[in-house]
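Chains as they are written, first to last, in the working numbering: chain A, 1248 to 1624; chain B, 1248 to 1624; chain C, 1248 to 1624; chain D, 1248 to 1624.
Keep in mind that the hints are not guaranteed to be accurate.
Since the list gives no way to pick one copy over another, a pair counts as held whenever it fits inside one copy or between any two copies.
Claimed, not checked - With a Cα cut of at most 30 angstroms, we get these calculated DSS-like pairs of lysine-lysine:
hint, residue 1, residue 2
1, 1298, 1524
2, 1569, 1524
3, 1524, 1296
4, 1345, 1524
5, 1300, 1524
6, 1300, 1569
7, 1296, 1569
8, 1343, 1524
9, 1569, 1298
10, 1454, 1524
11, 1454, 1296
12, 1343, 1454
13, 1345, 1569
Just so you know, these hints were derived from the structure itself, not from any lab.
There are 4 protein chains.
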Amino acid sequence: MNSTFLGQHISLSLFGESHGPSIGITFDGLPAGIPLDLDGIRTQLEKRKPKGKISTARQEADEFEIVSGFFNGFTTGTPLCLLIRNTSQHSRDYEKTKFLMRPSHADYTAFEKYHGFQDYRGGGHFSGRVTAPVVAAGAICMQLLHEHGIRIASHIARCQDICDIPFSNTPDILETQMQHLNQSYFPVLSEEAARDMTALMENAHAKGDSVGGVLETIVTNLPAGIGNPFFDSIESILSHLLFSIPAVKGVEFGLGFGFADLYGSEANDPFRMEGGKVTTSTNHNAGINGGISNGMPIIFRTAVKPTPSIYQQQETIDYQSKQNASLTIQGRHDPAIIHRARVVVDSMAAIALLDLGWDVLGIAHRQSFRSSHERGR
Amino acid sequence: MNSTFLGQHISLSLFGESHGPSIGITFDGLPAGIPLDLDGIRTQLEKRKPKGKISTARQEADEFEIVSGFFNGFTTGTPLCLLIRNTSQHSRDYEKTKFLMRPSHADYTAFEKYHGFQDYRGGGHFSGRVTAPVVAAGAICMQLLHEHGIRIASHIARCQDICDIPFSNTPDILETQMQHLNQSYFPVLSEEAARDMTALMENAHAKGDSVGGVLETIVTNLPAGIGNPFFDSIESILSHLLFSIPAVKGVEFGLGFGFADLYGSEANDPFRMEGGKVTTSTNHNAGINGGISNGMPIIFRTAVKPTPSIYQQQETIDYQSKQNASLTIQGRHDPAIIHRARVVVDSMAAIALLDLGWDVLGIAHRQSFRSSHERGR
Amino acid sequence: MNSTFLGQHISLSLFGESHGPSIGITFDGLPAGIPLDLDGIRTQLEKRKPKGKISTARQEADEFEIVSGFFNGFTTGTPLCLLIRNTSQHSRDYEKTKFLMRPSHADYTAFEKYHGFQDYRGGGHFSGRVTAPVVAAGAICMQLLHEHGIRIASHIARCQDICDIPFSNTPDILETQMQHLNQSYFPVLSEEAARDMTALMENAHAKGDSVGGVLETIVTNLPAGIGNPFFDSIESILSHLLFSIPAVKGVEFGLGFGFADLYGSEANDPFRMEGGKVTTSTNHNAGINGGISNGMPIIFRTAVKPTPSIYQQQETIDYQSKQNASLTIQGRHDPAIIHRARVVVDSMAAIALLDLGWDVLGIAHRQSFRSSHERGR
Amino acid sequence: MNSTFLGQHISLSLFGESHGPSIGITFDGLPAGIPLDLDGIRTQLEKRKPKGKISTARQEADEFEIVSGFFNGFTTGTPLCLLIRNTSQHSRDYEKTKFLMRPSHADYTAFEKYHGFQDYRGGGHFSGRVTAPVVAAGAICMQLLHEHGIRIASHIARCQDICDIPFSNTPDILETQMQHLNQSYFPVLSEEAARDMTALMENAHAKGDSVGGVLETIVTNLPAGIGNPFFDSIESILSHLLFSIPAVKGVEFGLGFGFADLYGSEANDPFRMEGGKVTTSTNHNAGINGGISNGMPIIFRTAVKPTPSIYQQQETIDYQSKQNASLTIQGRHDPAIIHRARVVVDSMAAIALLDLGWDVLGIAHRQSFRSSHERGR
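Just chain A, same shape as in the assembly:
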């Protein structure tokens, strides 16, 4: 299907266009009795919102309404549909340039696939805006993962030649780092790197240009035994969801492409007993062996390309006349989206890992069921 994610236990149906009346998501498969943290959802949506000079000037309230599957503060167990009304469309920006294919956008491919029937305004269904409901769904998944102590955090590891400091190997420091990132709008560990990256982005903005970067994500406390061989490996499911984020062009786990530089004797992660617990002395494989978690942190990196919307004049074609043309994009755009993409990456990870961990975590048999059962007694 176009925009339906069918997990093993949950299914998500994403809908909406950038300039249509509403965007939203239908979330089927949630167990009954989850006391949804609506403020938690709002907090996550805040991280996706454009802010400051490094983001588009389009301001959307992103207020959501849950129209089903939620009753008296708890999920009902039937499909939850969450809507976000669009309020700040400037659709006229797009009418004039309807046939001018914005380079590296989906304008041309959408024309080829949908034969001119697509909603071309603001990228339509291809807009990054449509990731907002994904963030809401991810926030719900994250809440369930938190019940099991599982934590997810991402930072901008690199933006051109500016690199952030790495995640710490010391659990306490790592936890502080993760908390810091999850409370930050601009997710960078080193203050200096954050300052330099922001300057780079503002500078790009001033030049009518844009930048990309690399996000690095860590997942801690995922129990061993989650995942599958072959088609439903952790890597398969995670990458499937990560590559469904517009602008993502690369995903690597652990050493990733760095594995090409090493011998097996260097790359292998020796198992060790530590305090009665199975661990590995290195974690080059990102906590995943044979598609299944081994109890070590899951670590992956996601390549985010520069926003294709830039203000400089670009060469392109006119789809209608099939002639070469030039285009200067109008409208409101982001000189960088990597900081906003962060929470989308975290959300996709939460969705993937909740679905993969469902049985091991006992999601269908949550503790709260029992207490809730007594509500009826």
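Following the hints, complete the assembly by docking chains B, C and D onto the known chain A.
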């Protein structure tokens, strides 16, 4: 599911263990009337077979039997099941070390997931051997793609610091390169690089060690308009299948992680008319915009980690006693699998692109249907 | 999943509760370029609305809003989400009797499944009201089937001992009958039977009771070759969808249970050439052999049980106290829903047959694509 | 897909043709550690075998081989593939009549769907023979249901005007009845009815004719709370699987079509507390309210049409010449298959209910896991 790939149009059910009686695959969804090229399947399986000093000494005939869905030389349209009997198992090699978890293998995670019931001999269902039926299925898909002129080829782009020459931008040279690769057992374009990589692998073998590398794959002649926004983007489906190959730890499309170094003005691919055809003057996005093909070649790179089976002594744990232990792996293993993984990557790409391109290519309405229909008249 | 129908080509995600803010459906997989007939959707929704003494007094406008996937009068090819706001809830009717399990309703089973978290007001997600979005989705499917001349019509074949006249075997008369039914609110062919059934229903209403009946549906002009052996037979897919309608407890095709009375020599449908066309001289198998259409009309009957909401005092239990209790249902209810269920049955049939016939009908390659393509030129 | 059943938790891929080398099934999703009762599987397969004058003379050993997913007596948790070799094909019987469409068989529809590429010998993939692997898969599911006390049994309730006695309402007698049926090859409760039905079948055989009938199935001890509203209701999933059995043309639950005769006040099943347990004083709804089990027995009836293979001369067409023709079927055929269909119905029910009950029954967390886990310690 563990090992079922459910595409939009085809479904694959992979089964078997390294030391069980048979491995195989059930392929549902194929249209009737495909004149299967059994020699073509054998040719592809040959590329996956271990050969020479750079591969394991386990020699399997890999003779396949199609037990259903194939009649009088054509597919019937009902599920095709293909079996490969295992014949060269040395299962005793594994009995002694059953509880010694081979580092970076799936031994430990399989124990955690399957509670000791997994077939641990030779990696069981996690064995690279189980990719042989995938190659057979991929060969069938490739045959259908070839009917539309779509071609796939991969080379070892890098192995440690030895790099192959890149794919050419000149279509004629590129085609020659691709033919060369598809006729080679060791898929490298530069003879010198091939020699150096082979030497590196033989040297690793001599030291009881192993190496990995990066495969680069190109797909040509894929029409524009194939793929989907979000969850079923070309990148999502391709990466899902690529990451289901044991040993793959990274996937990037076009510039991939290199996008982090560029400005949008450098990264965007301007559209141009060329000989009445829409093209882009660069192809940093690997022929994919918004998850959908734009008619340019699809290019991706796959990181393959070094074979975890090495002959050097390694630190590990004993799963039964939950004690630290050391392990020297016996048995027959590959100092490198990247050259053998090549055809698995090509096969996964063929599976993914056939399923994605189904409607645009008109797979359900193949020309041969018409002629075949006349068979009944 | 609870409420997601995943067809081979389309997926439907149904959501909403009887007394929640909205009910709706997400429809993924529709091709681009369908000029939606909104009035046609309204006409179908009208048939589901309660009217007169034979229906509940709850009056819902059932005005729908399409919030995505629809642009400038055509489908975009991306997911279409259709919402219907609830406006006439009398939720207080349900508070007092929350723990009194209405016999043959889903109150008790919902408590067991959802542990008290379900929205119990008006049956919540189990309400027949949630079929309204199904009717809207079915109307869209029916529009596509109509493009191919395929027609669907149903009548109340029986209500207690009152039987309608059968569908005619003469094509012209049959077509008139089908048109008549599709223009009628109360779908019965014989005026006398219609009058008697209405009287029976009004009488039941007067006594605070309810009645059920048998719907008979005919589908004409479905080409041969649609359907599949085994799990995706026409009968499997149709019955799957028909039994998802609340109150349906039986489905039979052609002679159905009557096959038990006959010998094979009586039951078999001989093939005959008629005017150069393959036909069968009888149609006991309802146009389906081996799960696949043979070109004859598809005929099936659906058993609809009496509405469980009756006004007479009933024995039941109190879920909270786990004691026997008695219950007199308040609120607004239908003495019969079979006439309203008719359009839901037709809609489910349209959904099933569109998905099954997708490839044969060439839905992904509709004629309008070509003309539409020129819009962009 | 043609022949893949994708449940929520298990997936089955059925393959094979009547006269091909093998038939079989791939069963994905089984948990690890099930000690498979191979004799139990054989016992179930025996019930499907033709025996005596009331069945075809084709004798197949139906010896199965499990080629994957089974190790040291337990399931491994990875896909289980089970093969049954065909050994008694008389393929020449079919060559001469290849183009003569057997009435009410799938010959014609297969030609239309597969354009002449289908394996037409003995019905190919449409053959009832392909249900043998379903019985094997069902036997595995039944073993898991038995662990929870859930029992399934069916009898031939009616064959023309000969009716069996009904299931008893007294639990002890019912249990005896069910045991009796599950130990009988000819599943009828009344000895007299069994004798009369056998005589009817033998008589039909003597006349070269065939008979059908109605199977009635009961499922006891299914806990309350299993199933779903709408698309995955118990009725939807059960009927989907039941109608995938060749020859099934009707399915009804509880009163089924009999609901049309009653008022709601008669049809409703009042809830009652009995011995501290929730029960209903009648069970017209077959233990299902709103698609979800209420703890009462599930009861359904399945209409089985007479075997279409009869020895009398029949009218038909020649597909090649498109002329009317007459046909006298040769080969070995069943005058009745309802007694052999019984175990297929039971198997489909077991598959459906295992998948539906997965979470409530805790299938993914079976007790044996824990003990097994200790095997590794």
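Status of each hint after checking the structure:
no.: 1; hint: 1298 x 1524; result: neither (44 angstroms within a copy, 41 angstroms between copies)
no.: 2; hint: 1569 x 1524; result: between (64 angstroms within a copy, 9 angstroms between copies)
no.: 3; hint: 1524 x 1296; result: neither (41 angstroms within a copy, 39 angstroms between copies)
no.: 4; hint: 1345 x 1524; result: between (60 angstroms within a copy, 20 angstroms between copies)
no.: 5; hint: 1300 x 1524; result: neither (48 angstroms within a copy, 39 angstroms between copies)
no.: 6; hint: 1300 x 1569; result: neither (36 angstroms within a copy, 55 angstroms between copies)
no.: 7; hint: 1296 x 1569; result: neither (37 angstroms within a copy, 48 angstroms between copies)
no.: 8; hint: 1343 x 1524; result: between (63 angstroms within a copy, 24 angstroms between copies)
no.: 9; hint: 1569 x 1298; result: neither (38 angstroms within a copy, 52 angstroms between copies)
no.: 10; hint: 1454 x 1524; result: neither (53 angstroms within a copy, 32 angstroms between copies)
no.: 11; hint: 1454 x 1296; result: within (22 angstroms within a copy, 54 angstroms between copies)
no.: 12; hint: 1343 x 1454; result: within (24 angstroms within a copy, 66 angstroms between copies)
no.: 13; hint: 1345 x 1569; result: within (13 angstroms within a copy, 54 angstroms between copies)
Hints 1, 3, 5, 6, 7, 9, 10 from the list above are not met by this structure, while the remaining hints are.
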